[in-house]
Structures are given as C-alpha cells and as structure tokens.
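Protein chains: 2
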Amino acid sequence: MKERFFAYVDERQRRYIDQLGEAVAIPSVSSQLDTHLPDIQKMMEYAANFIQRLGGQWELRDNPDGTSERPLPPLLLGHFPVDPRKKTVCVYGHLDVQPAHIDDGWDSEPFVLTERDGKLFGRGSTDDKGPALSWLWVIEAHKELGIDLPVNIKILYEGMEEYGSEGLFTFIRDEHDKFLGDVDFFCISDNYWIGKSKPCLTYGLRGLAYFELIVQGCEQDLHSGNMGGAVHEAMTDLIRLMGTLVDSQGRILIEGVMDDVKPVTPEEEAFYDPIEFDVESFKEEAKVKSISNKLLHGNKKDLLMARWRFPTLSLHGIEGAFSGSGAKTVIPAKVKGKFSMRLVPDQDPVRIEQVVRAHIAREFEKLNSPNKVELNMLHGAKSWLSSPDHPNYAAAAAAIQTVFQTTPDYTREGGSIPITTAFEEATGMNALLLPIGACDDMAHSQNEKYNITNLMNGIKVLGMYLHELGKIGGPKPSSCRCIPLTEEELMVPGAFMKGFRCKCEM
Amino acid sequence: MKERFFAYVDERQRRYIDQLGEAVAIPSVSSQLDTHLPDIQKMMEYAANFIQRLGGQWELRDNPDGTSERPLPPLLLGHFPVDPRKKTVCVYGHLDVQPAHIDDGWDSEPFVLTERDGKLFGRGSTDDKGPALSWLWVIEAHKELGIDLPVNIKILYEGMEEYGSEGLFTFIRDEHDKFLGDVDFFCISDNYWIGKSKPCLTYGLRGLAYFELIVQGCEQDLHSGNMGGAVHEAMTDLIRLMGTLVDSQGRILIEGVMDDVKPVTPEEEAFYDPIEFDVESFKEEAKVKSISNKLLHGNKKDLLMARWRFPTLSLHGIEGAFSGSGAKTVIPAKVKGKFSMRLVPDQDPVRIEQVVRAHIAREFEKLNSPNKVELNMLHGAKSWLSSPDHPNYAAAAAAIQTVFQTTPDYTREGGSIPITTAFEEATGMNALLLPIGACDDMAHSQNEKYNITNLMNGIKVLGMYLHELGKIGGPKPSSCRCIPLTEEELMVPGAFMKGFRCKCEM
Numbered sequence: 001m002k003e004r005f006f007a008y009v010d011e012r013q014r015r016y017i018d019q020l021g022e023a024v025a026i027p028s029v030s031s032q033l034d035t036h037l038p039d040i041q042k043m044m045e046y047a048a049n050f051i052q053r054l055g056g057q058w059e060l061r062d063n064p065d066g067t068s069e070r071p072l073p074p075l076l077l078g079h080f081p082v083d084p085r086k087k088t089v090c091v092y093g094h095l096d097v098q099p100a101h102i103d104d105g106w107d108s109e110p111f112v113l114t115e116r117d118g119k120l121f122g123r124g125s126t127d128d129k130g131p132a133l134s135w136l137w138v139i140e141a142h143k144e145l146g147i148d149l150p151v152n153i154k155i156l157y158e159g160m161e162e163y164g165s166e167g168l169f170t171f172i173r174d175e176h177d178k179f180l181g182d183v184d185f186f187c188i189s190d191n192y193w194i195g196k197s198k199p200c201l202t203y204g205l206r207g208l209a210y211f212e213l214i215v216q217g218c219e220q221d222l223h224s225g226n227m228g229g230a231v232h233e234a235m236t237d238l239i240r241l242m243g244t245l246v247d248s249q250g251r252i253l254i255e256g257v258m259d260d261v262k263p264v265t266p267e268e269e270a271f272y273d274p275i276e277f278d279v280e281s282f283k284e285e286a287k288v289k290s291i292s293n294k295l296l297h298g299n300k301k302d303l304l305m306a307r308w309r310f311p312t313l314s315l316h317g318i319e320g321a322f323s324g325s326g327a328k329t330v331i332p333a334k335v336k337g338k339f340s341m342r343l344v345p346d347q348d349p350v351r352i353e354q355v356v357r358a359h360i361a362r363e364f365e366k367l368n369s370p371n372k373v374e375l376n377m378l379h380g381a382k383s384w385l386s387s388p389d390h391p392n393y394a395a396a397a398a399a400i401q402t403v404f405q406t407t408p409d410y411t412r413e414g415g416s417i418p419i420t421t422a423f424e425e426a427t428g429m430n431a432l433l434l435p436i437g438a439c440d441d442m443a444h445s446q447n448e449k450y451n452i453t454n455l456m457n458g459i460k461v462l463g464m465y466l467h468e469l470g471k472i473g474g475p476k477p478s479s480c481r482c483i484p485l486t487e488e489e490l491m492v493p494g495a496f497m498k499g500f501r502c503k504c505e506m
Numbered sequence: 001m002k003e004r005f006f007a008y009v010d011e012r013q014r015r016y017i018d019q020l021g022e023a024v025a026i027p028s029v030s031s032q033l034d035t036h037l038p039d040i041q042k043m044m045e046y047a048a049n050f051i052q053r054l055g056g057q058w059e060l061r062d063n064p065d066g067t068s069e070r071p072l073p074p075l076l077l078g079h080f081p082v083d084p085r086k087k088t089v090c091v092y093g094h095l096d097v098q099p100a101h102i103d104d105g106w107d108s109e110p111f112v113l114t115e116r117d118g119k120l121f122g123r124g125s126t127d128d129k130g131p132a133l134s135w136l137w138v139i140e141a142h143k144e145l146g147i148d149l150p151v152n153i154k155i156l157y158e159g160m161e162e163y164g165s166e167g168l169f170t171f172i173r174d175e176h177d178k179f180l181g182d183v184d185f186f187c188i189s190d191n192y193w194i195g196k197s198k199p200c201l202t203y204g205l206r207g208l209a210y211f212e213l214i215v216q217g218c219e220q221d222l223h224s225g226n227m228g229g230a231v232h233e234a235m236t237d238l239i240r241l242m243g244t245l246v247d248s249q250g251r252i253l254i255e256g257v258m259d260d261v262k263p264v265t266p267e268e269e270a271f272y273d274p275i276e277f278d279v280e281s282f283k284e285e286a287k288v289k290s291i292s293n294k295l296l297h298g299n300k301k302d303l304l305m306a307r308w309r310f311p312t313l314s315l316h317g318i319e320g321a322f323s324g325s326g327a328k329t330v331i332p333a334k335v336k337g338k339f340s341m342r343l344v345p346d347q348d349p350v351r352i353e354q355v356v357r358a359h360i361a362r363e364f365e366k367l368n369s370p371n372k373v374e375l376n377m378l379h380g381a382k383s384w385l386s387s388p389d390h391p392n393y394a395a396a397a398a399a400i401q402t403v404f405q406t407t408p409d410y411t412r413e414g415g416s417i418p419i420t421t422a423f424e425e426a427t428g429m430n431a432l433l434l435p436i437g438a439c440d441d442m443a444h445s446q447n448e449k450y451n452i453t454n455l456m457n458g459i460k461v462l463g464m465y466l467h468e469l470g471k472i473g474g475p476k477p478s479s480c481r482c483i484p485l486t487e488e489e490l491m492v493p494g495a496f497m498k499g500f501r502c503k504c505e506m
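Read top to bottom, the protein sequences are chains A and B. The first sequence runs 1 to 506 under UniProt numbering. The second sequence runs 1 to 506 under UniProt numbering.
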C-alpha cells in the first residue's frame with residue numbers, strides 16, 4: 001500500500017500547492033475578529049466542503065464562549081464512517097492565522113501563496129493550514145486509492161488558536177464524553193522541528209505562571225521635582241522587588257521554587273545525546289550573535305535542558321510607568337510589574353503561586369515601605385510531559401522511519417500549548433505533538449513559509465502514522481473516563497482546561 | 001501714591017477679569033503647534049497691542065530656534081521710555097498654556113474664564129496669563145494716574161514655556177549684551193505660594209540630571225517560552241541595575257553622589273521655622289492620604305528640606321519593555337531605564353554624570369553579564385540658589401509687607417526653572433521668583449483657577465515691587481558682563497543655557 005500511496009501523493013504535488021494557495025488566500029486573522037470573522041468562517045466552510053467531498057460528515061459547532069454581542073468563529077467537527085473494531089484518533093488543527101501585511105517586511109503578498117526556491121511563502125502556509133489540510137489530503141488519497149482507513153478519524157479544527165483558543169477549553173470540558181468520548185489518541189501537528197532536516201516528536205511542554213506585581217504609592221502620578229523627596233515612590237519598591245526574582249545568569253532566586261524540579265538522571269541525560277542541534281546556529285536564531293554572541297549555556301545538552309526541562313523566569317515589563325521615548329519627570333502612582341515563569345513537570349502552578357507570594361511578602365517586608373503591594377497570578381498552566389514510549393509516539397516514530405529512513409529526535413519545547421494538557425486531562429488519552437514544518441518556517445513572523453519537501457513528506461508521514469496506529473492492539477480504553485473535578489479543584493488556576501480528570505490508562 | 005494706586009486697581013476689578021477672559025479665550029497651546037501656533041501668535045499680538053496702548057514699543061522677534069519647516073512662535077519684547085538714571089527690570093512671563101479639554105474633567109469650558117466662589121476658572125488663568133497681564137495692568141495704572149514709573153521696564157514674554165522654552169535660551173545667550181544688556185534685575189512670576197494665604201518669595205530651585213540606562217541582550221524581542229533559559233535577558237540586568245540606585249526610604253545609593261551636598265547649618269535650619277506649611281494638608285496634595293497616608297518625612301522641616309535642599313532620585317519607567325495591560329510573554333531585546341536626580345547647589349551635573357557612570361560600571365561588573373550596557377545623560381541642569389538678602393528680594397518683601405501686612409515666607413522649590421539660571425548666568429544680574437498664585441491653583445491640571453484676591457493683590461504687589469526697586473541706590477552694574485564660555489564649557493550639559501557667564505556682582 002505504501003508505494004501506491006507515496007506515488008499518488010507525489011503525482012498530486014501541484015494540486016496540493018494550489019489548494020494550499022486557496023486556503024492561504026483567505027485572511028482568517030483571529031486577532032482581528034471585527035473585520036476578519038467572516039474570513040475565518042469562510043475558511044471553516046472551505047475545510048467543511050472538503051470533508052464533505054471526502055464522504056465525511058461535518059458540523060460547524062457554535063463556539064461555546066461566543067455571545068451575540070461578541071460572536072466567535074465556530075469549531076469544525078469532522079467524522080468519517082466509524083468501524084467500532086478500530087481505534088479512533090482525533091486530529092487537531094487550526095484554520096486561523098496571525099495578522100500579516102506586506103508592509104511589515106514581507107517579500108511577497110502574505111495572502112498570496114508564492115513559490116520561491118522550493119518554498120511556499122504565505123501567512124498560514126505552515127501555521128497551520130498546511131498541516132491541517134494534510135490530514136484531509138491523506139484521507140482523500142485513501143478514498144481515491146480505495147484503501148480502507150486503518151483507524152477511525154475525528155477532525156477538530158478551531159479558528160481561535162492564535163488568540164488563545166477561546167472556546168476550545170470549554171468545548172473539551174463539555175464534550176469529553178461526547179465528541180471526544182471514544183477518542184483513543186490525539187495528534188496535534190502545530191509545532192516545528194528543532195532543525196531544518198531531521199524530523200522530531202515532541203513529548204514535553206513547559207507550563208506557565210504569569211504574575212502581575214502591583215505597587216501603589218499615591219493616587220495619581222506626581223512631578224518628580226515637586227514631590228521627589230516627599231513620597232515613597234512605587235517604582236522604587238517595584239524595581240527592587242523585581243530585582244529579587246532572578247539573577248543575570250538566569251537563576252531563579254525565589255525560595256522553594258526549585259523544590260519539585262527533579263534532578264537529571266543519567267538515563268534522561270542520554271536522551272539528549274542523539275538530538276541534532278547546533279549551538280552556533282542557535283545563536284543566530286536567539287538573535288544574540290551580533291550583540292554578545294553568548295548564551296546562558298555553551299553546550300547543547302545544558303542549553304536544551306535549560307529551555308525544556310528547567311523552569312525559567314522572565315521580566316516582561318512594567319505597566320503604569322513612563323514607557324515612551326525621551327524624558328518625562330514623573331513619579332508613577334501605581335505600577336504593575338509583569339513577570340512569568342515557565343514551569344516544568346511536578347511544578348504545580350498553585351504551589352508556585354504560594355512560594356512567589358511568600359517571597360514577595362518577605363522581600364517587601366525588608367523594604368520597610370508603607371506602599372500598597374498586591375500580587376496576582378494572571379495565568380497558570382501546568383507543564384505537559386508525555387512518554388516517547390507510548391504506542392502513539394511509537395506509531396509516529398515508525399512512520400517517520402518509513403518516510404525519512406531515520407529515527408526522529410525526541411524533543412520538548414519551552415513554550416506552552418495548553419490544549420495538549422486539556423485533551424489528556426479531559427479524556428486520559430495520550431496526545432502526540434507531531435511537527436512537520438521546519439525550524440525556520442517563521443510562523444508568526446514575516447515571510448512565513450512551508451517547504452515543498454515538508455509539505456510532501458508531511459502528508460506521507462501522517463498517512464503512515466495512521467497505518468501504524470491501526471496496528472496497535474489491545475482493548476479500546478474508552479469506557480472508564482470522566483471523574484469530574486471537585487469544586488475546589490475547579491478553582492485552581494488552569495482548571496478551566498481540566499474540567500474532568502480521567503483515571504484510565506492504555 | 002500707594003492709596004491712589006490701590007484705589008485705582010480696586011475700581012478696575014471687573015475690567016481685569018474681562019481682559020483675563022479675553023486672553024484665556026485664546027487657546028495658545030504650545031505642545032500642539034501644528035494646530036495652535038496661530039493662537040499663540042494671536043495671544044502675542046493681543047499683548048503687543050496692549051503694550052502699544054500703554055505707549056510702549058514692542059517687537060515680535062522671530063524665534064531663533066524656529067525654521068521654515070518648523071516655525072516656532074515669536075518672542076514678544078516690550079520697552080517703555082528709558083530714563084538712564086533709573087535702574088532697569090526685565091519682567092518675564094509666558095503666554096502659552098498647557099492643553100485642556102472639558103472632557104478631561106473640567107467643570108466648565110477651559111477656554112471660557114468662569115467665575116465661581118471668587119475663583120476664576122480657565123486654562124492659563126494663573127499659569128501664566130494672569131501674572132503676565134498684571135505687569136501691563138501695573139503700567140496702565142501708572143500711565144492713567146500720571147505716576148512716573150520708578151524703574152525702566154523691559155518685557156520678555158515667550159510662547160513656548162510649556163514645551164521647554166524652545167528658543168528662549170538661544171535668545172538669552174545671543175542678547176545678553178543687547179536686549180538684556182542693561183537689565184539690573186529680573187523678575188519671574190511663574191510659580192506658586194506654598195500655601196493658600198501667605199505670600200512667599202522663592203530663592204532656590206533644584207537642578208536635574210536625567211539618565212537613560214540602556215541594556216541590550218539580543219537583536220529583537222524573543223518568546224519567553226522558546227528562549228527563556230537560553231539567553232541573558234536585558235530586563236534582568238536593567239532591573240537589577242535600577243534597583244541599586246535608591247532605596248525605599250528615598251536614600252540615593254550611588255557612591256559619591258552626596259559628597260558635595262553641604263550639611264545643614266543651624267542658621268539655615270532656623271530659616272524653615274517661620275514657613276507656613278501644613279504637613280497634614282500636604283499629604284492630600286501629595287496624593288498619599290488614601291493610600292498609605294505616609295510621607296518620607298513626618299515633620300515640616302525635614303520634609304521641606306527633602307524637597308528643596310537635598311537631591312532625590314526617581315525611577316520613571318522603562319522604554320522597550322512590555323508596558324500594556326494583560327500578559328505578554330516577551331523577552332524584550334533592548335530596554336531603556338529612565339531615572340533622574342534633582343540636584344542641589346554645589347552638585348555639578350558633570351560630576352554627577354561621572355559618579356553615576358562609575359556606579360553603573362561597578363554594579364554591572366557584579367552582574368557578570370555579557371549584555372551591552374550604555375548610559376546617557378539626556379538632560380543636565382544645575383540647581384539655582386539665590387539669596388533672600390539681595391536687594392531685589394528685599395524690594396519684593398517690602399512690597400508684600402505693604403499689601404499683605406506680613407513678611408513673606410522664603411521658599412525653595414523641588415523642580416527646575418532653567419531660565420532663572422540662564423538669566424543670571426548670561427548677565428550676572430539677580431533673578432527673583434515672585435509668585436502671586438496660590439498653591440491650589442491647579443496649574444497644568446483640570447480646573448486651573450486664579451483667585452480674584454490673588455489677581456487683585458498680585459497687581460498691587462507687582463506695582464509696589466517696582467517702587468521698592470526704584471529706591472535701590474548705587475551705580476548701575478551693567479557694564480562688566482559677558483565673559484564668553486570656552487568651547488569646552490559649552491560641551492557641558494546645560495551649557496546651552498549659559499552661553500556666557502558674567503563675573504559682575506551687584
């Protein structure tokens with residue numbers, strides 16, 4: 001079957017590019033809903049029509065978080081004929097894109113897919129219209145070649161990913177035992193290789209604890225000439241407090257924050273050895289080459305661990321202080337310092353909030369200041385760590401071996417993709433991050449592109465992955481999910497994404 | 001003469017209010033030159049016509065810093081017939097105003113002078129159209145009563161004061177031996193009493209050293225999930241450096257910064273005793289009442305000294321970091337921390353820049369960071385300190401005694417009015433700050449007002465002041481000024497305002 005499938009895919013290259021061009025031409029920008037909501041809807045309908053042509057059933061489900069005052073794009077659900085003997089995979093993708101305008105510095109119109117040197121330039125080409133359409137092309141190939149799908153496929157496409165996946169978490173919570181009730185595996189193709197040539201599978205993401213530290217000294221901004229020397233300035237306290245959080249070597253200085261971070265085992269360390277990753281080219285990517293040419297860690301292993309498996313703390317900025325250019329002699333009345341930590345496994349955002357709160361209280365006490373201080377955690381999300389040993393990952397690795405004749409790198413990422421955790425926590429089923437775009441695809445940036453090789457190999461990998469999934473034996477584990485969270489657990493930051501927790505294991 | 005003058009002034013109250021209303025109706029907003037330049041010109045012509053009616057000569061002098069691409073309002077110079085036996089006073093005022101719009105929270109239209117409870121509400125009423133017109137009303141009274149002016153009067157009104165007095169410093173430098181060549185005294189009525197009822201004379205202003213501390217870690221902003229742990233973050237360094245500058249009790253932590261600050265002598269201390277100043281109502285003015293109700297100093301003397309005769313350091317904000325509301329997971333590439341010090345006598349901005357630069361170098365060294373750091377002094381201005389014993393001050397004190405039957409408070413201010421130093425340094429002649437508005441006049445703010453009592457008593461004080469000046473004997477000291485600064489001295493921050501320095505003393 002493999003040869004026929006690969007040959008069929010290879011023949012259709014031009015058609016795939018044309019169809020990707022049709023999708024890219026729809027400016028489905030989710031951060032500009034006031035003007036682009038109809039475009040997202042159009043893009044949803046484009047994909048829905050495709051599903052229909054493939055003999056699937058589709059549904060444009062009203063966004064559960066939308067209101068008549070603030071309509072949100074629908075969710076697109078797709079089903080194909082179900083064989084109860086087969087396992088079920090839910091593939092996720094998003095059809096919305098980041099904003100783009102040629103004046104931002106694009107070399108060609110961002111909403112016109114433009115081929116140059118084997119690359120397809122266009123907004124959404126790699127993030128995420130290319131990968132999302134690839135699932136449909138895989139199904140199309142099976143239909144036209146008369147090959148049975150080896151697993152049942154459920155499609156879940158959203159239109160708000162680039163704006164926080166609004167509505168999706170509610171959907172996942174509400175549908176964990178309905179639309180998602182018989183899902184055995186999840187597959188998300190919305191991240192990237194860590195290099196340009198070697199495929200990878202992503203088994204970990206860091207969590208997030210985002211804080212706002214507020215200090216207020218007076219009711220309104222004052223003149224530093226007139227009032228300097230008279231009042232306890234809020235900025236003085238805030239800057240000193242923010243200065244106690246992290247040092248210039250990136251070490252977090254908050255007592256207790258590292259308590260739950262597991263030491264690195266030799267086994268884990270060995271995991272990093274085969275990863276293809278070039279520190280020198282990473283300096284270019286990290287944009288430090290022309291400034292200091294220095295990273296926090298000089299060798300591959302330490303650097304990847306610092307980005308993937310250790311927490312970090314970044315100071316993002318201050319709201320309420322003077323942030324313009326030039327000079328303003330202001331004593332800001334109320335300032336809000338923004339900082340966040342990327343969390344790793346076993347670091348609970350709830351506990352992190354506690355240790356940060358205790359740290360701020362201790363440090364503020366030392367300042368002997370009468371100003372008002374307040375700490376808010378704006379977002380909390382647990383990290384996600386899966387096991388590359390899971391059959392879902394093994395299936396993808398086998399597919400990659402078939403297409404690329406190599407084993408994938410096993411990678412983690414420093415960022416957070418909260419739906420991964422949401423899928424797993426709501427259903428107990430394994431989620432796989434299966435990237436098919438390259439590290440230099442420039443998602444979110446100018447000149448976003450998708451290599452034709454990635455497009456073509458991606459379709460092949462996704463097809464092979466379904467066949468590898470089809471080989472997995474054992475009973476369907478779909479019957480034991482759904483132990484609702486308690487009220488108390490629902491109060492926990494991040495609980496919105498884990499309205500239910502499932503105890504079942506494959 | 002006094003009785004006739006006072007009676008004449010009292011009779012004309014309605015007329016003064018009407019004329020102030022005409023002036024307030026002209027929205028001469030200097031920060032919005034693109035739309036309001038014609039209004040400033042109109043206001044200048046309004047005052048020029050007034051001078052002409054009084055038999056004076058006037059000149060609208062092109063602003064020396066204006067260009068055809070960027071026209072600036074002219075300077076208004078006014079002369080009255082000169083008697084070479086009399087001394088000459090140059091009175092300064094400004095005819096431009098801060099922006100104002102009723103939607104900002106005004107209770108009545110800001111450009112319609114509106115009387116309520118003995119107060120005249122309107123933009124510019126107290127800052128500075130009321131005081132500026134008062135000089136003309138004084139001359140008018142003399143003319144109509146047939147009383148000789150006891151001194152020669154030169155009028156210098158500008159239209160850019162609320163936007164940094166652009167052009168004025170160049171004028172002062174260029175005209176120190178021409179228009180200003182025969183001036184014996186300067187009088188500036190553009191500040192405020194420190195209370196609501198007791199007049200004061202201001203003999204000191206703090207200087208300024210405004211810094212921008214730049215740290216750059218990478219070429220462009222990065223994602224904290226992806227890059228957190230990999231790069232030396234600029235914000236970490238900047239926040240830590242800013243945290244070494246001042247503590248929560250307002251103490252400046254920069255080595256050497258206090259070296260030139262003279263200790264307080266018992267004589268000086270005694271100076272503060274008679275000052276009418278209520279710490280409790282100041283808490284309201286300092287806007288801390290509802291927050292902490294705490295000031296850096298609890299008693300009048302310490303508080304006034306902290307605002308007037310000691311340096312202070314304020315952290316104003318950061319440019320280049322996230323300053324919006326909500327959460328953004330950014331690692332800013334290049335951040336600029338803004339802070340400034342108010343300087344006091346004997347603190348030279350040049351030396352202050354050196355000690356700050358040395359401090360930053362020392363502290364940055366401790367951080368062991370490869371990031372790029374840079375310190376710029378954006379503005380440097382020396383403080384100004386005069387002596388209340390000078391005959392110019394004695395004249396004003398005697399005038400106040402005549403009108404108010406009280407001696408004035410002698411005050412300093414925490415802010416900087418650089419033209420004061422500019423006048424003195426260019427000519428060697430004494431400058432007096434003679435405020436006639438009250439502390440609650442809300443200059444620059446909503447509901448700016450001018451009390452009718454301040455308007456009326458102000459005209460009387462200015463008139464009596466001229467007569468007291470007329471009594472001062474001794475030779476005219478106008479012949480020995482004008483030792484030009486060296487090229488090197490001109491490079492010093494603040495030198496723009498002291499193009500020439502004069503050694504002559506009264």
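Calculated directly from the structure, the hints in this document are not laboratory data. Note that the Cβ used here is the ideal one computed from N, Cα and C, for glycine as well. One should not assume that every hint holds.
Derived coverage of chain B by chain A (criterion: at least 3 residues anywhere in the stretch with Cβ under 8 Å from a Cβ of chain A; other residues may be distant) [said to hold, decoys possible]:
id, region
1, 58-69
2, 140-154
3, 211-225
4, 230-236
5, 356-369
If you want the ones that stay clear, here's a sample from chain B, every Cβ over 12 Å from chain A, calculated [as the list claims (entries may be wrong)]:
id, residue
6, Val-264
7, Lys-372
8, Asn-430
With a straight-line Cα cutoff of 27 Å, these simulated DSS-like cross-link-like pairs (lysine-lysine) come out [what the hints assert, rightly or not]:
id, chain 1, residue 1, chain 2, residue 2
9, B, Lys-328, A, Lys-283
10, A, Lys-289, B, Lys-366
11, A, Lys-196, A, Lys-283
12, A, Lys-372, B, Lys-366
13, B, Lys-287, B, Lys-300
14, A, Lys-328, B, Lys-471
15, A, Lys-198, A, Lys-294
16, B, Lys-372, A, Lys-366
17, B, Lys-196, A, Lys-289
18, B, Lys-300, A, Lys-372
19, B, Lys-300, A, Lys-289
20, A, Lys-294, B, Lys-372
21, B, Lys-196, A, Lys-287
22, B, Lys-198, B, Lys-178
23, B, Lys-372, A, Lys-283
24, B, Lys-196, B, Lys-178
25, A, Lys-283, A, Lys-294
26, B, Lys-289, A, Lys-366
Quick rundown of the hints versus the structure:
1. 58-69: violated (count 0)
2. 140-154: violated (count 0)
3. 211-225: Result for this restraint: holds, n = 10.
4. 230-236: With 6 residues close enough to chain A, the hint holds.
5. 356-369: holds (count 3)
6. Val-264: Holds, since 14 Å exceeds 12 Å.
7. Lys-372: Not fine: 6 Å to the nearest Cβ puts Lys-372 (chain B) too close to chain A.
8. Asn-430: holds, 22 Å
9. B:Lys-328 <-> A:Lys-283: Between Lys-328 (chain B) and Lys-283 (chain A) the Cα gap is close to 23 Å, so the pair holds against 27 Å.
10. A:Lys-289 <-> B:Lys-366: holds, 23 Å
11. A:Lys-196 <-> A:Lys-283: holds, 15 Å
12. A:Lys-372 <-> B:Lys-366: Violated - the C-alpha atoms of Lys-366 (chain B) and Lys-372 (chain A) are around 31 Å apart, more than 27 Å.
13. B:Lys-287 <-> B:Lys-300: holds, 17 Å
14. A:Lys-328 <-> B:Lys-471: Distance of about 43 Å is beyond 27 Å: violated.
15. A:Lys-198 <-> A:Lys-294: holds, 26 Å
16. B:Lys-372 <-> A:Lys-366: Given that 27 Å is the threshold and the Cα spacing comes to 31 Å, the pair is violated.
17. B:Lys-196 <-> A:Lys-289: Measuring from Cα to Cα gives roughly 61 Å; hence the hint is violated.
18. B:Lys-300 <-> A:Lys-372: Holds, because 24 Å separates the two Cα atoms, which is no more than 27 Å.
19. B:Lys-300 <-> A:Lys-289: violated, 55 Å
20. A:Lys-294 <-> B:Lys-372: With a Cα-Cα distance of about 11 Å, the restraint between Lys-294 (chain A) and Lys-372 (chain B) holds, given a limit of 27 Å.
21. B:Lys-196 <-> A:Lys-287: violated, 58 Å
22. B:Lys-198 <-> B:Lys-178: violated, 37 Å
23. B:Lys-372 <-> A:Lys-283: Between Lys-372 (chain B) and Lys-283 (chain A) the Cα gap is close to 16 Å, so the pair holds against 27 Å.
24. B:Lys-196 <-> B:Lys-178: Roughly 39 Å between the alpha carbons, so the hint for Lys-196 (chain B) and Lys-178 (chain B) is violated.
25. A:Lys-283 <-> A:Lys-294: Status holds; Cα separation ~8 Å.
26. B:Lys-289 <-> A:Lys-366: Holds - the C-alpha atoms of Lys-366 (chain A) and Lys-289 (chain B) are around 23 Å apart, at most 27 Å.
In terms of the numbered hints stated before, the structure departs from hints 1, 2, 7, 12, 14, 16, 17, 19, 21, 22, 24, listed from lowest to highest.
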